[in-house]
Amino acid sequence: MPNYVEISYLDDEHSSHLDISIIALACKYEGIVSEKMRDGDTRTLEFLFPHLVNASWFSADVRSYMPKVSLDKLS
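Heads up, the sequence shown is in our numbering, so the first residue is 673 and it goes up one at a time.
If you are wondering where the hints come from, they were derived from the structure by calculation, not from laboratory data.
Computed from a predicted model, the values in this text were never measured in an experiment.
There could be a bad hint or two in this list.
Across the chosen pairs, the derived CB separations fall in these ranges [unchecked claim]: (1) 725 to 686: 31 to 39 angstroms; (2) 704 to 736: 30 to 38 angstroms; (3) 709 to 733: 18 to 26 angstroms; (4) 686 to 724: 30 to 38 angstroms.
Derived DSBU-like pairs (lysine-lysine); straight-line CA-CA distance at most 30 angstroms [said to hold, decoys possible]: (5) 700 to 740; (6) 708 to 745; (7) 700 to 745.
Glycine residues also receive a C-beta, built at the ideal position from the N, C-alpha and C atoms.
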């Protein structure tokens, strides 16, 4: 069963510039994008990872290197 991570960030400029960096980081840990959403200024991305450890490493890197991004769900 894949492991699920949902993240979001405020995109005031509607540029989605962080998407590329976040997706590249997820790929480093064998993650795939399952969904991209926008609700006003908020961007939400959902990822699937093959193992919990991959999802955990990805989440730790997001928290360390991307302070603008919030981790919403990890399961």
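Cross-check of the supplied hints:
1. Distance hint check for residue 725 and residue 686: the Cβ-Cβ separation is about 34 angstroms, which falls inside the suggested range of 31 to 39 angstroms.
2. Between residue 704 and residue 736 the C-beta distance comes to about 22 angstroms, which lies outside the given range of 30 to 38 angstroms.
3. Residue 709 and residue 733 have their C-beta atoms about 22 angstroms apart, which keeps the hinted 18 to 26 angstroms range intact.
4. At about 33 angstroms, the beta-carbon gap between residue 686 and residue 724 stays in the expected band of 30 to 38 angstroms.
5. For the proposed pair residue 700 and residue 740, the alpha carbon gap of about 20 angstroms is at most 30 angstroms, so the pair holds.
6. Taken as a hint, the residue 708 and residue 745 pair is honoured in the structure, with Cα atoms around 14 angstroms apart against an allowance of 30 angstroms.
7. Proposed proximity of residue 700 and residue 745 is supported: the alpha carbons are some 19 angstroms apart, at most 30 angstroms.
In summary, the structure is inconsistent with hint 2 from the numbered list given earlier, while agreeing with all the others.
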